[in-house]
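Peer 1: Chains as they are written, first to last, in our numbering: chain A, 94 to 428; chain B, 38 to 399; chain C, 5 to 524; chain D, 325 to 654.
Bear in mind the hints are in silico, worked out from the structure with no lab data behind them.
No residue lacks a Cβ here, since even glycine has one placed at the ideal position from N, Cα and C.
A hint or two may mislead.
[As the list claims (entries may be wrong)] Listed below are several chain D residues computed to face chain B (Cβ distance under 7 angstroms; list not exhaustive): (1) Ile474; (2) Gly478; (3) Phe570.
[Claimed, not checked] Straight line, CA to CA, 30 angstroms or less: simulated DSBU-like cross-link-like pairs of lysine-lysine: (4) A/Lys350 to B/Lys299; (5) A/Lys314 to C/Lys90; (6) A/Lys226 to C/Lys148; (7) A/Lys314 to C/Lys521.
[Unchecked claim] If the Cβ cut is set under 8 angstroms, some of the chain A residues that face chain C in the computed set are: (8) Gln146; (9) Leu294; (10) Tyr299; (11) Gly303; (12) Ala304; (13) Val307; (14) Gly312; (15) Ala316; (16) Lys350; (17) Thr368.
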Amino acid sequence: MTSPAEDVDVVAARPRPRRGVSLRDAGPPIALVVVFLVFSVLSPEFRTLGNVQNIMDTASVLAVVTCGITFVLLMGSIDLSAPGIMGAAAIAVALLVANNRNDHDLGLAGVLVAVLLAAALGCLSGLALVLLKVPSFMTTLGVSAVGLGVATLMFNGVQPNISDDLLASLAVDRLLGFSYLTWLAAACVLVGYLIQRYSRLGRYAYAIGGAEEVLSLSGVKVAPYKVAIFTLAGAFYGLAGVMVTSQLSAGLVQAGKGYDFAAITAAVVGGTLLTGGRGGVLHSAVGVLLVTVLTNGLVQIGVSPYWQGGVQGLIVVVAVAAAVLPQRRRNQVVK
Amino acid sequence: MIVKSRSAVALLSLSLAAFAFTGCSEESNAEGGDDSTAAAGACAPDDVKLVGQVRNESNPYEAAWLEGGDAFAKSVGLSQERLTYDGDSTKQQEQISQLLAGDTDCLVMNILPNGDSDTPPIVEQAQEAGAFLVTQWNKPADLNVTDYSQWLSHITYDGVTSGQQIGDALADAIGGSGGIIALQGILDTGAAKDRYAGLEASLAEHPDVKLLDQQTANFSRAEALEVTKTLLTKHGDDIKGIWAANDDMALGALEALKAAGKEGKVAVVGIDAVPDALTAIQDGAMTATVSSDGPWQGGIGLAIGYCVATGELSVDDITDRAWFAEQFLIQQDNVADFVSPTVDESEYACDNVFSRSQGPIS
Amino acid sequence: MSVNVESAPTPSPSAAAPALEVRGLVKHYPGVKALDGVDLVVRPHEVLGLAGENGAGKSTLLKALVGLVRPDAGEIWVRGEKVRLKSVVDAADHGIGMVFQEQSLVPNLTAAENIVLGAEGAGVRRGVYRWDTMRRLAQEQLDKIGSHIDPLARTDTLSFADRQMVEIAKVLRIEERTSHPPVIILDEPTSVLESKEIETLFTQVRRLREFASVIFVSHRLDEVLDVCDRVSVLRGGQSVGEVATAGALPAELHRMMIGSTGADDHYHDTAIRRPEQEPEPLLSVRGLAGKTFRDVSFDVRPGEILGIVGVHGSGREDVCRALFGAEPTSAGEALLDGRKLNLSDTRSACAAGIGYVPAERKIEGMVGPMSVADNMTLAKQKARCVGPLVSPRKQASLVDRWIDRLSIRTPQRSTAIQRLSGGNQQKVVLARWLVADDVRLLLLDHPTRGLDIGARSEVYRLMRELANNGVATVLLADSLEEAIGMSDRIVVMSDGRMTAEVGCPSGNKPTPLDLVKEMV
Amino acid sequence: MSTPVITKPGTDAAVKGGPTLSQRLTLFMPLIALVALLAALTIAEPDFLTQRSLTAVVRTSAPLVVLAAGATLVVLCGGIDLSIAALASLSSVLFALWLPDLGGLTTPVVIAVAGLIGALQGIGHVLLRIPSFIMTLGGMSIFSAVALVISDAGPVRVTDRDATKWLTLYVAGYVPMAFAVAVLVITLIWLALRLTPLQSYLTSTGYSEASARLAGAPVDLVKVLAFTVSGACAGLASIMLVSRNFSGSPTMADNLLLPAVAAIVVGGTAITGGHGSLWRSLVGALVITLLRVGLPIVGVPSAYEQILYGAIIVVAVALTLDRSKVLIIK
């Protein structure tokens with residue numbers, strides 16, 4: 094970030110100390126390492142390779158969902174539509190690839206269609222946001238319900254089980270010790286990062302979170318990009334839904350249950366701000382690992398499952414407090 | 038911009054209104070729209086209003102249940118109103134009280150309470166409103182059906198027996214000795230408690246079978262997958278068998294085994310005999326399950342209510358109002374007989390509605 | 005429009021025609037006639053100064069020139085062709101660009117992105133960023149103005165001066181939209197720069213003249229005369245004349261701006277003779293220190309107006325906020341009537357009878373959607389309460405009394421304050437501290453910023469009245485002239501320290517230059 | 325001291341005041357939406373418009389109304405409270421557990437404890453400068469965890485029903501006590517705001533926290549107070565739920581969170597703070613209740629029910645949101 098060209102007096106005249114920022118960026122990875130080491134010491138089962146694989150497998154779906162939600166958060170919006178969209182995509186893909194309900198066998202094409210359906214649903218919340226001027230909190234809430242409805246319609250009382258080899262193998266077959274789903278998730282994170290770093294869409298998502306008015310002042314029409322971001326997020330949720338289906342080799346309406354707040358938690362823990370403009374896909378990915386390692390570690394050292402949610406809640410608060418305290422100002426507005 | 042959005046709103050709401058109508062008109066014929074205040078037990082067959090309520094239609098067993106309800110309603114020339122509450126106790130109560138605020142004189146309800154603790158308020162409201170109520174699966178042990186005139190019957194399967202049966206089947210499958218793990222259901226449900234009690238009983242008889250670990254997966258396939266994965270890494274090859282309190286969780290466990298490459302090496306048992314489980318048993322992926330007949334449950338509850346409402350059956354004549362329904366242990370040898378559960382119309386005949394009773398709930 | 009990056013800008017064939025001409029521009033705002041028939045001519049390759057008091061209509065004129073404001077009447081001609089400017093982009097297409105006073109950069113993007121924002125051109129292919137191209141494009145712009153900042157540095161890590169360079173570079177991009185030399189508007193570019201930075205800026209401006217026309221707006225008349233070829237003066241929304249800068253004096257410009265001689269009478273110095281023996285100080289600040297200032301000590305006496313002057317970064321604003329408990333202090337103390345003030349929060353400051361009027365009226369001063377009445381009684385709730393309860397009748401009469409006394413123009417007391425004109429909004433914010441008749445010390449941070457002349461003279465008069473009634477005032481003035489005109493005494497701050505304390509009695513006022521010496 | 329008088333008039337002239345027609349319309353939009361929805365349901369099922377079923381609707385809505393009303397205060401000062409539902413569940417468990425020992429005192433104690441927990445969140449929010457969204461998101465999971473642990477993940481039966489009997493009675497034969505209590509609570513809070521400077525403090529904090537602070541408004545206190553009331557309301561709501569289910573359960577109210585937030589926004593309260601009122605949330609809660617129980621009862625199939633629910637809340641917000649009061653829509 095610091096540039097050789099900057100002359101000294103400029104550095105002296107910096108408006109804001111960098112400490113808070115760098116701490117926000119470095120904190121989560123450090124925390125991740127620490128937590129991992131602590132659990133490794135506490136529990137022999139935890140440090141086994143098998144468990145590391147297990148952690149990565151468990152993290153994969155959440156990672157993909159968080160990828161999507163991160164872009165929305167970057168804009169300073171919020172997205173609660175993951176459960177509905179994932180449910181719809183999960184059922185859709187189950188019905189489109191080889192399954193026990195109908196004799197479709199679209200294979201990859203089926204996956205594509207499911208993801209497109211999800212993207213369309215995401216697009217819906219984006220449109221409602223920019224056309225009806227309804228806060229994203231509500232539009233995504235509504236779209237989530239719509240998605241669940243669509244899923245229930247398609248479910249139609251009979252569990253669709255997939256017999257598609259490709260999809261089934263994703264969760265089972267392993268490459269270098271990790272299941273294909275894990276690699277898929279890794280790929281998503283990479284793609285997400287590339288979009289965020291190298292695409293106009295991604296950069297504008299940052300800009301919208303940073304100073305929306307400046308964009309329009311520079312003659313950029315913001316609305317289309319907002320819609321595009323929600324569509325992109327929807328696509329990610331859709332893929333996540335497909336992944337759940339391949340894990341269970343069956344389409345569930347509840348495929349996305351609880352992933353909305355889980356993803357927000359992960360993103361925030363990773364250092365992506367709800368106010369937008371800060372953080373990113375990589376931050377969120379770290380957050381996902383942090384949360385997953387915690388949950389898994391707690392089980393391994395035998396903490397009652399009931400406590401696990403609570404511990405996570407605590408972690409979020411602590412993580413954010415740690416990030417904001419170094420740079421708190423008098424008369425600062427915190428919503 | 039505002040103008041545009043306003044008009045957009047108008048448009049959307051219009052299309053919604055249309056939507057609402059199509060959505061509702063399907064059902065509006067279900068309502069017997071007259072307020073004839075018929076005394077209990079003397080309803081004209083046409084006045085009877087049949088309601089079946091389950092958690093959600095997005096679960097095969099409960100969807101089949103509602104189908105069964107429709108089948109019975111059709112057989113008596115009526116139609117069933119379907120209610121679902123997404124496994125949300127609050128919403129269930131809200132629906133019931135709203136339902137009972139309507140015309141209740143000839144209302145017959147076949148209800149699946151979300152949990153034991155949800156049964157008392159349902160029963161009391163039905164009693165107050167004078168609707169005919171049949172509940173299934175969940176009720177607090179100390180709540181007696183006979184204390185209420187409108188609560189015609191409570192039907193359930195003997196969870197202890199089924200839990201024990203599959204426990205024994207599992208023990209045999211792993212050769213009478215070895216470690217197993219148990220996946221519990223929603224802890225608040227009688228079903229979950231009884232079935233686990235059954236497992237304990239079975240364990241008592243097989244001292245060499247060791248219960249390594251037990252966690253709840255809330256009857257959910259997805260949760261079972263995660264829990265099993267973790268337990269597999271925790272206990273590794275010590276796990277010889279997996280006992281699941283229902284088939285959905287058993288199937289989730291199967292996926293976990295598949296992912297761990299242990300498919301077929303670990304025996305899995307469940308309860309409910311959902312179609313997927315039966316196929317799994319046919320392929321030998323699963324060891325055993327216990328039949329519970331969704332379609333029949335959906336129909337029989339309405340049938341009992343219908344018979345009492347129309348006066349063909351008197352509450353006082355019912356010997357056991359809280360009773361166990363008949364169930365079978367299903368394994369590879371006999372699975373073929375259960376692949377397509379059929380309900381015989383005659384079982385809904387008013388003199389025959391208790392044909393599957395295995396006696397009172399002890 | 006050519007997106008040809010490499011080609012050096014060529015002087016346009018129509019160099020003879022004015023690069024930009026404004027004829028009889030008129031713009032009304034609710035309650036104010038911001039522009040009242042303004043004429044302006046900008047020749048190619050010249051730097052035109054635009055001078056005028058606050059509220060003279062400068063900012064409105066500039067906004068009209070970049071399409072942010074639609075004039076009610078009048079014409080804008082670009083290189084001999086009449087144009088209607090509907091948006092910033094539209095203006096840019098005609099080769100007019102502006103460096104905004106409040107900076108218009110996206111803080112969390114790189115300098116390069118900000119420079120090309122909205123017109124990435126070759127920097128983005130099919131929605132995919134090409135950082136190297138991006139960097140090159142930006143570098144080209146930065147080179148034009150000879151800035152050395154790293155195009156890929158995130159903007160909010162740059163110093164203010166560098167951010168301004170980025171803005172200028174961004175504006176220069178409009179060259180690629182038109183084949184003609186562009187018109188660059190610099191709105192108060194120096195107001196927040198330190199002298200060293202100002203020098204670099206001026207070299208930039210002179211450099212710009214090579215391939216563009218520049219409209220340069222500044223309070224500091226000496227600067228205007230220094231850097232511009234001609235100066236056009238606005239007053240009360242009208243052009244009152246032009247001055248060729250060669251050999252012109254700040255004084256005559258100033259005379260044109262305020263339409264009379266000398267600074268004093270303009271500020272209504274009622275020339276009240278204060279008693280010979282000075283009263284005890286009401287406020288004594290002793291060695292106060294904070295993030296941006298240290299070792300600040302001064303006294304303010306009842307009925308005295310103390311001006312604090314200094315360039316941006318002198319820390320005077322923070323001293324003011326610190327006294328009100330809105331900015332943390334690390335050392336020192338402040339005594340009110342010899343009693344130590346609790347500087348930890350704004351509550352106790354209010355309780356002690358201190359009032360604060362922030363510079364950012366719209367963000368920090370008023371609660372836009374709330375009614376005039378509620379805004380006015382926000383700070384002094386007791387004034388509208390009977391016991392613990394609010395008495396609407398009491399509030400109504402109180403508010404009406406003050407609306408009348410300060411002649412605040414508002415339809416009803418229940419009107420949302422954001423619907424009033426700036427001057428009336430400011431009066432409400434001021435009244436907030438007066439309603440309880442218990443204010444003893446007023447901290448005024450640029451109280452006349454963005455007000456038109458009429459509103460400002462009313463604010464001045466009000467300040468005088470309060471002073472005569474024994475209220476002590478600390479004033480951070482909008483301009484040196486204002487500070488000198490209003491203050492009885494002036495404290496000069498530079499780089500967080502007090503550098504001088506100058507007596508400023510009516511009749512014997514120091515000149516701006518005396519103060520500037522101390523400021524830098 | 326005497327106050328200065330300005331005699332000379334300023335150059336500013338007055339601006340025309342008064343709300344526009346569309347503003348007046350948006351003011352009543354929530355009510356209009358409610359009536360429209362009721363009409364639609366009645367058309368679909370004539371029996372729906374009977375005194376008994378309407379009574380049932382308001383009885384059902386009571387807990388949601390209380391939850392939404394409390395959270396509205398937090399929203400009004402610019403924050404959001406995601407912990408209300410989890411806190412209500414926890415309170416229901418506490419109530420069931422403490423009833424045997426505390427008897428009649430249980431109700432006030434539980435409400436007080438809930439309020440205290442809310443206050444703690446508020447303090448954490450203002451002292452640690454943690455965004456309310458995060459603070460209460462954390463609170464949500466922590467409260468559920470505690471509830472699960474102390475109740476051992478199962479419901480706790482309430483044997484002594486007299487303690488909550490009063491909530492199941494009827495006022496004047498028709499108005500359910502629970503709803504009457506809900507309305508009473510709203511009225512009290514509303515009066516407390518209207519009659520004291522609190523309203524000003526709350527509104528200014530919500531619209532422009534910076535201005536409020538620099539005008540010496542007790543911003544932090546107001547926020548903590550809002551969270552306290554929000555918590556206490558969650559406590560009261562939980563007791564209403566217990567009175568309905570004769571038991572407390574660690575997940576009892578969890579599914580009421582999003583409906584409660586929806587109720588607030590559908591009522592027309594700006595989620596960005598400042599603009600809105602508790603009465604709006606009351607109407608909003610009734611709308612949401614109609615959607616939750618009305619749609620299935622008139623026989624909308626569950627799949628369509630969800631789709632309608634989603635679409636309708638979005639449209640409702642689009643209609644009720646007064647955009648002149650909300651600057652940026654994120």
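Peer 1: Now tell me if each hint is right for this structure.
Peer 2: For each hint, the structure was consulted:
1. Ile474: violated, 14 angstroms
2. Gly478: holds, 5 angstroms
3. Phe570: holds, 5 angstroms
4. A/Lys350 to B/Lys299: holds, 28 angstroms
5. A/Lys314 to C/Lys90: Holds - the C-alpha atoms of C/Lys90 and A/Lys314 are around 15 angstroms apart, at most 30 angstroms.
6. A/Lys226 to C/Lys148: Not satisfied, since the Cα-Cα distance of roughly 42 angstroms exceeds 30 angstroms.
7. A/Lys314 to C/Lys521: violated, 48 angstroms
8. Gln146: The hint is violated - A/Gln146 has no Cβ within 8 angstroms of chain C, the shortest such distance being about 35 angstroms.
9. Leu294: holds, 6 angstroms
10. Tyr299: holds, 6 angstroms
11. Gly303: With a minimum Cβ separation of about 4 angstroms from chain C (threshold 8 angstroms), the hint on A/Gly303 holds.
12. Ala304: With a closest approach of 5 angstroms, the A/Ala304 hint holds.
13. Val307: Holds, because the Cβ-Cβ distance from A/Val307 to chain C comes to roughly 5 angstroms (cut-off 8 angstroms).
14. Gly312: Holds: closest Cβ of chain C sits about 3 angstroms from A/Gly312, inside 8 angstroms.
15. Ala316: The hint is violated - A/Ala316 has no Cβ within 8 angstroms of chain C, the shortest such distance being about 15 angstroms.
16. Lys350: violated, 34 angstroms
17. Thr368: This hint is violated: A/Thr368 lies away from chain C, its Cβ roughly 11 angstroms from the closest one there, beyond 8 angstroms.
Violation of the numbered hints given earlier is confined to hints 1, 6, 7, 8, 15, 16, 17; the remaining hints are satisfied by the structure.
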